[in-house]
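**Q** Chains A and B are the protein sequences, given in the same order.
The opening residue of the first sequence carries number 1 in the numbering used here; numbering runs sequentially from there.
The opening residue of the second sequence carries number 1 in the numbering used here; numbering runs sequentially from there.
Hint data in this document are derived by calculation from the structure and do not stem from the laboratory.
Fair warning: there could be bad hints in the mix.
[Said to hold, decoys possible] Straight-line C-alpha distance at most 27 Å; calculated DSS-like pairs for lysine-lysine: (1) A:K54 x B:K54; (2) B:K54 x A:K45; (3) B:K153 x A:K54; (4) B:K106 x A:K56.
[Stated by the list, open to error] Which residues of chain B face chain A? A few of them, derived with a C-beta cut under 10 Å, are: (5) L32; (6) Q33; (7) E37; (8) K38; (9) D46; (10) I51; (11) G55; (12) L63; (13) F65; (14) Y67; (15) E68; (16) I69; (17) A80; (18) F81.
[Stated by the list, open to error] So the derived label-pair ranges between C-beta atoms look like this: (19) B:N12 x A:S121: 34 to 40 Å; (20) A:T143 x B:D46: 34 to 40 Å; (21) B:N12 x A:A154: 57 to 63 Å; (22) A:K45 x B:N130: 21 to 27 Å.
Beta carbons are placed, not taken as given, at the ideal position from N, Cα and C, and that holds for glycine.
2 protein chains.
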Amino acid sequence: MAIEIEHKYLVNLDIWKNIIPDKSVEIRQAYLQTDPEKTIRIRTKDKSGFITIKGKTVGASRLEFEYEIPIADANELINAFCSNLIEKTRHIVTHDSNIWEVDEFKGLNEGLIVAEIELTSEDEKYSIPNWLDKNVTDDPRYTNSNLTIKPFKAW
Amino acid sequence: MAIEIEHKYLVNLDIWKNIIPDKSVEIRQAYLQTDPEKTIRIRTKDKSGFITIKGKTVGASRLEFEYEIPIADANELINAFCSNLIEKTRHIVTHDSNIWEVDEFKGLNEGLIVAEIELTSEDEKYSIPNWLDKNVTDDPRYTNSNLTIKPFKAW
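Put together the whole structure using the sequences plus the hints.
**A** Here you go:
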């Protein structure tokens, strides 16, 4: 179990297109459950599979439990039990010693790019790269679970 | 992933009380999700923890995915996300080379004892011990997920 604390920003597409990520991975994910109290997510990340249970977000924090599972199981779980799939490329970028995860969405969420930084406490200080725009940490439309229900292109 | 095929019987309490199990373990379990299409269960079994996703039962079969997780996580998941807890003692009994799991329920399901045999195919033959009564494989009231919603004592 961990407490996940993260801040989320929209990405300025014009500046972002000139940034070269440290690396990029392909992510597919879908939800066994999305309700206000908890989400249960199945994810594949390149050749690995994961099941993740997250609690309700309070401030920028939420309970998170994540377990690695065989990728064949992850694909079967997605196919057998989940209706809405999110596909995105996750770029990893280091800025001033901080690691940013920049998710470039595909499919029904194409056009949306968000960047997240994971913090060790809610008041941790960090520098904001110039390729970021608005802080959307508190906007529930940008959670991946909500993006499966109401995708970006349908806003 | 596995296909779980099992038959479930009520236990004749008078005859059962004279049976000595091979071993017995304490089980606590609760559900992150119970709907007709799938259940997501958190279980502790003595000192081990598990998360299990099961599909809809078709005949005597259902899809099952089970992963071991730290027992501390299992307890936290139960406390943080689950409202209804099932507690039972599971007795293991061998009869004619078949292994039977006999669940003796506690709390709101006290008085209920059911026995299950896991099969490798739906038409596998096996001998029925004399301490079994009615076959309740097809009776949805006896699923553990339904027993959390409508416990035996409330029938």
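**Q** Work down the list of hints and note, for each, if the structure agrees.
**A** Structure-based check of all given hints:
1. Of the supplied pair hints, the one linking K54 (chain A) and K54 (chain B) holds, its CA atoms being roughly 20 Å apart against a limit of 27 Å.
2. Between K54 (chain B) and K45 (chain A), the direct Cα distance comes to roughly 23 Å. Compliance with the 27 Å bound is thereby established for this hinted pair.
3. Under the criterion of a C-alpha separation no larger than 27 Å, the hint pairing K153 (chain B) with K54 (chain A) is inconsistent with the structure, at around 33 Å.
4. The straight-line distance between the Cα atoms of K106 (chain B) and K56 (chain A) is roughly 31 Å, outside the 27 Å bound, and the hint therefore fails.
5. Given hint, L32 (chain B) at the interface with chain A, holds; its Cβ is 6 Å from that chain's nearest Cβ, closer than 10 Å.
6. Checking Q33 (chain B) against chain A: minimum C-beta separation of about 5 Å stays under 10 Å; hint holds.
7. The criterion of a C-beta within 10 Å of any C-beta in chain A is met by E37 (chain B), whose closest approach is roughly 7 Å, and the hint holds.
8. The beta carbon of K38 (chain B) comes within 5 Å of a beta carbon in chain A, closer than 10 Å, and the hint placing it at the interface holds.
9. This hint is violated: D46 (chain B) has a C-beta 20 Å from the nearest C-beta of chain A, more than the 10 Å allowed.
10. A cut of 10 Å between beta carbons decides the hint on I51 (chain B): the least distance to chain A is about 7 Å, and the hint holds.
11. Residue-level restraint check for G55 (chain B) holds (minimum Cβ-Cβ distance to chain A is 6 Å; threshold 10 Å).
12. Because the beta carbon of L63 (chain B) sits about 6 Å from the nearest beta carbon in chain A, less than 10 Å, this interface hint is met.
13. Evaluation of the F65 (chain B) hint against chain A yields a held restraint, the C-beta minimum of about 6 Å falling below 10 Å.
14. Annotation: interface hint on Y67 (chain B) holds; nearest CB of chain A at approximately 6 Å, less than 10 Å.
15. The criterion of a C-beta within 10 Å of any C-beta in chain A is met by E68 (chain B), whose closest approach is roughly 9 Å, and the hint holds.
16. Among the interface hints, the one on I69 (chain B) holds; its C-beta lies about 6 Å from the nearest C-beta in chain A, closer than the 10 Å criterion.
17. Using the Cβ-Cβ criterion of 10 Å, the hint placing A80 (chain B) at the interface with chain A is satisfied: the shortest such distance is roughly 6 Å.
18. Annotation: F81 (chain B) was flagged as interfacial toward chain A, and the flag holds, the nearest CB pair being 5 Å apart, inside 10 Å.
19. N12 (chain B) and S121 (chain A) have their C-beta atoms about 59 Å apart, which leaves the hinted 34 to 40 Å range violated.
20. Take T143 (chain A) and D46 (chain B): their Cβ atoms lie about 37 Å apart, and the range 34 to 40 Å holds.
21. Taking 57 to 63 Å as the suggested C-beta distance range, the pair N12 (chain B) and A154 (chain A) conforms, at roughly 58 Å.
22. The hinted range of 21 to 27 Å is not satisfied by K45 (chain A) and N130 (chain B), whose Cβ atoms lie roughly 53 Å apart.
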